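> So you can see what is in the structure, the chains are spelled out below.
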Amino acid sequence: MNSRIDEKHEKLHTLNRRVGLFLRAGTIVSLVLFLAGLIIFIVSGTPHMVALTPISSIIHDLLILNPASLVTAGLIIILIMPLVILITALAHFIVTRETRPGVVCIVLLVMLAASYVLVLK
Amino acid sequence: MPADVNIWILAGTGFTAGFLGSMLGIGGGFLIVPIMTLALGIPIQYAIGSSLVSIVINACTATGVYISKHMTNLKLGLLLACTLVPGAVAGAFLGAKLSSTVLTIIFGVLMLYVAYSMIPKKPRKLTEEQIEAQKLVLEKSHDRHAWLDDSYFDPSVNEEISYQVHRPVTGMVTGFFGGMISSMLGVGGGIINVPVMNQLMKIPVKATIATSSLLLCFTTMTGSLIYAYNGYVLPYLIAPLCISVFIGARLGATIAHRVHGKILTMVFAVFLILTAGLMILRALNVIGG
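Line by line, the protein sequences are chains A and B. Quick note: the first sequence, position 31, residue 31 per this note's numbering, numbers continuous. Quick note: the second sequence, position 174, residue 174 per this note's numbering, numbers continuous.
These aren't lab readings, by the way, just hints derived from the structure by calculation. Since the structure is predicted, the reported quantities are computational estimates derived from the model, not experimental observations. Wrong hints could be hidden among the right ones.
Straight line, CA to CA, 30 Å or less: simulated BS3-like cross-link-like pairs of lysine-lysine [what the hints assert, rightly or not]:
| no. | chain 1 | residue 1 | chain 2 | residue 2 |
| --- | --- | --- | --- | --- |
| 1 | A | Lys11 | B | Lys69 |
| 2 | A | Lys11 | B | Lys206 |
| 3 | B | Lys206 | B | Lys69 |
| 4 | A | Lys11 | B | Lys202 |
| 5 | B | Lys202 | B | Lys69 |
I would like the entire structure built from these sequences, with the hints used as guidance.
Structure, rendered in structure tokens:
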């Protein structure tokens with residue numbers, strides 16, 4: 001009985017470590033992009049009050065080091081991090097066959113998807 | 001909207017917000033929004049959008065640290081997020097539709113409430129019978145949601161702290177309003193989540209703060225997305241803000257234990273009351289600006 005609990009604990013700790021690693025990596029990449037964008041804003045004389053870059057042109061604009069695109073890319077990365085947490089957790093609960101937390105993950109995923117649809121409408 | 005903003009004031013605001021926010025565990029929105037609107041003349045919707053993005057960075061940083069130390073109750077966090085997310089969507093839509101005057105007044109009133117809640121109060125005394133009755137009710141209902149129970153290692157007492165989660169349904173209902181207020185006003189929402197989880201759900205304070213950080217990731221992400229889609233997030237405003245919030249939060253977390261908490265809380269409460277008063281008076285056109 002105790003060894004089963006320990007095993008469950010260990011698996012949960014593995015999930016925690018994995019999620020922590022993803023979050024730290026995502027935050028650092030995002031901040032580096034923000035910093036790069038800010039430096040280019042200051043030195044290039046680009047008008048300051050420009051809007052975020054549309055997703056359709058972000059790759060092209062990143063290649064020409066458009067500061068707004070760099071910041072937009074950083075923003076996209078940081079905004080998908082919670083989704084990364086959720087998908088990692090869902091995969092973990094499917095593997096460990098934990099029904100209730102798995103169902104919670106699916107419900108939350110549906111909620112987030114519904115909110116995206118609502119936003120983009 | 002001004003054609004340009006002073007980047008150093010913005011960075012200073014972010015640094016102070018991150019620093020105080022991580023020390024007091026309430027997120028930085030209560031500083032960022034008023035300073036951006038009062039000192040920099042930025043319309044409140046842009047201030048809220050920027051504030052939400054900076055809180056996502058702050059929350060992801062804190063969650064990354066807490067979850068690696070196994071202090072976050074991931075299952076509980078995901079469960080509460082199921083109602084927080086719809087609340088955040090509702091709040092962001094309301095925030096984008098309401099006029100600046102109405103938003104400013106709501107924000108000012110909430111700041112006054114936060115200031116009031118920070119003033120230390122005497123705990124309500126319960127009789128032995130009341131305490132026993134409460135325990136019995138909690139034990140009876142606990143079995144259904146024992147899967148949410150968790151534990152973490154607390155280095156300050158050098159032992160593993162195991163705890164049970166009580167009243168998850170109440171937590172979910174309250175969470176909806178927490179999410180709504182968070183994205184409507186560009187604040188973290190921790191000021192609602194933390195007392196609910198700690199007082200109502202009986203979760204130890206360290207696990208509460210860690211789980212609240214995880215919740216902030218979901219609520220502020222949803223709110224940020226809606227504000228960004230409506231054009232209220234500008235790259236030049238969020239870049240310096242997020243970088244300085246990150247640096248301030250890291251520094252605040254490092255030296256938090258060296259500062260006398262009571263003094264800091266009182267100073268912050270006075271600051272909130274003054275700023276709230278200024279915001280309400282300006283919204284009502286009593287003072288110019």
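> Taking the hints in turn, state whether each one holds.
Here is what the structure says about each hint:
Between Lys11 of chain A and Lys69 of chain B, the direct Cα distance comes to roughly 14 Å. Compliance with the 30 Å bound is thereby established for this hinted pair. Between Lys11 of chain A and Lys206 of chain B, the direct Cα distance comes to roughly 22 Å. Compliance with the 30 Å bound is thereby established for this hinted pair. A hinted pair counts as satisfied when its Cα atoms are at most 30 Å apart, and Lys206 of chain B with Lys69 of chain B qualifies at roughly 11 Å. At roughly 25 Å between alpha-carbon atoms, Lys11 of chain A and Lys202 of chain B fall within 30 Å of each other, so this suggested pair holds.
At most 30 Å may separate the alpha-carbon atoms for a hinted pair to count; Lys202 of chain B and Lys69 of chain B meet this at roughly 21 Å.
Comparing the model with each numbered hint stated earlier shows that all of them hold.
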